[in-house]
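Visitor: Keeping their order, the protein sequence lines are chains Y and X. Going by the working numbering, the residue at position 11 of the first sequence is 11; the numbering climbs one at a time, nothing skipped. Going by the working numbering, the residue at position 30 of the second sequence is 30; the numbering climbs one at a time, nothing skipped.
Everything labelled a hint here was simulated from the structure, so no lab data went into it. Among the hints, a few may not be true.
Straight-line Cα separation of at most 30 Å, DSSO-like style, residue types lysine-lysine; simulated pairs [claimed, not checked]:
no., chain 1, residue 1, chain 2, residue 2
1, X, K107, X, K95
2, X, K11, Y, K117
3, Y, K123, X, K350
4, X, K337, Y, K117
5, Y, K20, X, K107
6, Y, K117, X, K377
7, X, K337, Y, K93
8, X, K74, X, K193
9, Y, K117, X, K380
10, Y, K99, X, K337
11, X, K350, Y, K20
12, Y, K123, X, K11
13, Y, K20, X, K305
14, X, K107, Y, K30
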Amino acid sequence: MDENLKRDIIIDNYQNPMNKELIDDSTYLKVNQASESCIDNLDFMMKVEDNKIKDIRFDGEACAISTSASSIMIRSLIGKDIDYAKRLLTNYKNMIEEKEYDKELLGELMVYDTISKQPNRIKCALVPLEAINKMLEELDNEI
Amino acid sequence: MNREDFPMIGKTIYFDNGATTLKSKHVIDSMNRYYTEYTSNIHRGDYEFSLMTNELYDGTRHIVKSFINGKNSKVIFTIGTTESINMIVFGFMKKKLKKGDIVLLNKAEHASNILPWFKLKEEIGIEIDYIPLNKNFEIDIDNIDTNKVKVISIAQVSNVIGDVRDIKKISDICKKNNIYLCVDGAQSVPHMKVDFDGMGMDFLSFSAHKMTGPTGVGCLVVKEELFKEMEPLYLGGGMNLDFYNDGSYELHTDESKFEAGTPPIAEVIGLREACLYLEKIGMDKIHEYEVELKKYLVSKLEKNKRIIFYNKNSNSGILSFNVDGVFAQDVAIYLSKHNICVRAGNHCAKLLDEEIGISNTVRVSLYFYNTKEEIDKLVKVLDNDNILREII
Numbered sequence: 001m002d003e004n005l006k007r008d009i010i011i012d013n014y015q016n017p018m019n020k021e022l023i024d025d026s027t028y029l030k031v032n033q034a035s036e037s038c039i040d041n042l043d044f045m046m047k048v049e050d051n052k053i054k055d056i057r058f059d060g061e062a063c064a065i066s067t068s069a070s071s072i073m074i075r076s077l078i079g080k081d082i083d084y085a086k087r088l089l090t091n092y093k094n095m096i097e098e099k100e101y102d103k104e105l106l107g108e109l110m111v112y113d114t115i116s117k118q119p120n121r122i123k124c125a126l127v128p129l130e131a132i133n134k135m136l137e138e139l140d141n142e143i
Numbered sequence: 001m002n003r004e005d006f007p008m009i010g011k012t013i014y015f016d017n018g019a020t021t022l023k024s025k026h027v028i029d030s031m032n033r034y035y036t037e038y039t040s041n042i043h044r045g046d047y048e049f050s051l052m053t054n055e056l057y058d059g060t061r062h063i064v065k066s067f068i069n070g071k072n073s074k075v076i077f078t079i080g081t082t083e084s085i086n087m088i089v090f091g092f093m094k095k096k097l098k099k100g101d102i103v104l105l106n107k108a109e110h111a112s113n114i115l116p117w118f119k120l121k122e123e124i125g126i127e128i129d130y131i132p133l134n135k136n137f138e139i140d141i142d143n144i145d146t147n148k149v150k151v152i153s154i155a156q157v158s159n160v161i162g163d164v165r166d167i168k169k170i171s172d173i174c175k176k177n178n179i180y181l182c183v184d185g186a187q188s189v190p191h192m193k194v195d196f197d198g199m200g201m202d203f204l205s206f207s208a209h210k211m212t213g214p215t216g217v218g219c220l221v222v223k224e225e226l227f228k229e230m231e232p233l234y235l236g237g238g239m240n241l242d243f244y245n246d247g248s249y250e251l252h253t254d255e256s257k258f259e260a261g262t263p264p265i266a267e268v269i270g271l272r273e274a275c276l277y278l279e280k281i282g283m284d285k286i287h288e289y290e291v292e293l294k295k296y297l298v299s300k301l302e303k304n305k306r307i308i309f310y311n312k313n314s315n316s317g318i319l320s321f322n323v324d325g326v327f328a329q330d331v332a333i334y335l336s337k338h339n340i341c342v343r344a345g346n347h348c349a350k351l352l353d354e355e356i357g358i359s360n361t362v363r364v365s366l367y368f369y370n371t372k373e374e375i376d377k378l379v380k381v382l383d384n385d386n387i388l389r390e391i392i
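With the rest of the complex left out, here is chain Y (with noise of 0.2 Å):
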């Protein structure tokens, strides 16, 4: 992917992220993110039915990257199943650290292909997969 049309989709997710707003219903699962090593601090939310995630929300400060990471991954996995949304959280933390991936499966979310070459911004850009990761746990030992 072109180097400006990452930046363009970056910054575009960062100043009008999906779904940066929380809502106040407890059917959906909760989590915190904050960092201890940078001040990321971002609350998320999830809702799955019939094995399908329905929706995802977060909100809170934190940077460009995180921001905008967690922006692309509640667009793609929103209305996925949970067997995809795993795989696709697998594929992404692949890449994220410099490991085999499918690229196919990442679609929108190839932006960050290259985060790993600026050490301080990998956390950035891990912490909506381990917010979502979380939440699925919680998933599988409610059941």
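Based on the hints, put chain X in the right spot on chain Y.
Guide: Okay, now just chain X, sitting in the frame of chain Y:
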């Protein structure tokens, strides 16, 4: 001023002096000499250079006393401000306070002057209340309610807003109402003349590493009459007179009672050098220069319409701001690409966001070795509509 004394100057523009300052070659050389010429423990050896180490170590107490004008004080070496405050809370206040007594803090305080009190609240049931902040996020001394208040614990200069609190006025209130006054001097002692006796402090805490000195050492200055009532938090070698088979023991009665084990000797020697060095420049001169630099920075940055200020007028070298539309940490990363070091975050003052409505800011904290030319570079680099694009 004095830029030639700092080996790190030149490589980067260092504006994170509130976190820690650069180290002067005087400090580094003094510590090196200890490590290469007269390494020895204190209060143990009978050989010549161990006696010299004793003198340097214990003599530093007098230098600190003179530095902060504490003729009627005792100076205990700690590992820094945080330990000093914990010693006040758990080595003195825990014994003195009882359930329901109020400790007055304020929401701009650093974690180190909040969390020990929270813990004491858990342990003995004290109450914690906050001195209100005014519209500039500075404390409102005229609105202190002293009913049931037994302690006021306050930073002389807050580390985010940088306002200089009127300690004399607060200490007058304390004296009238039998209130202990604990002053966190981490951001004041390095930057201005602090007068322990004259301002009527009971306790003063500060760290060497924020005043050109080494990490790992700081001071707890205690008013002499309160000193004998303090209990040590650690027991061990170097602080006891004797101990017996029946489990009884006798402790030292001087400062060494609070310095169990081998203390940070090289660091104390570094602190000594830092005090002498700053005193030679002149603390009033340092403060005046930093305030002038901050005014210059504000006047230049005001032309940039994207800057949101939080403490334009506070009387210190600390400026907290944001760039509209760019997260504080992204600004810090951007500036780092231009070799400018600033701090982004909540600066450990995590209650302050309730007041200013935002958790994170960019903080420029100046010191006497910073220059207007460095500020010009910062201002120029921030005058850029494409900051976000350039950091991605």
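Visitor: Which hint numbers does the structure go against, in order from smallest to largest?
Guide: Every hint satisfied by this model.
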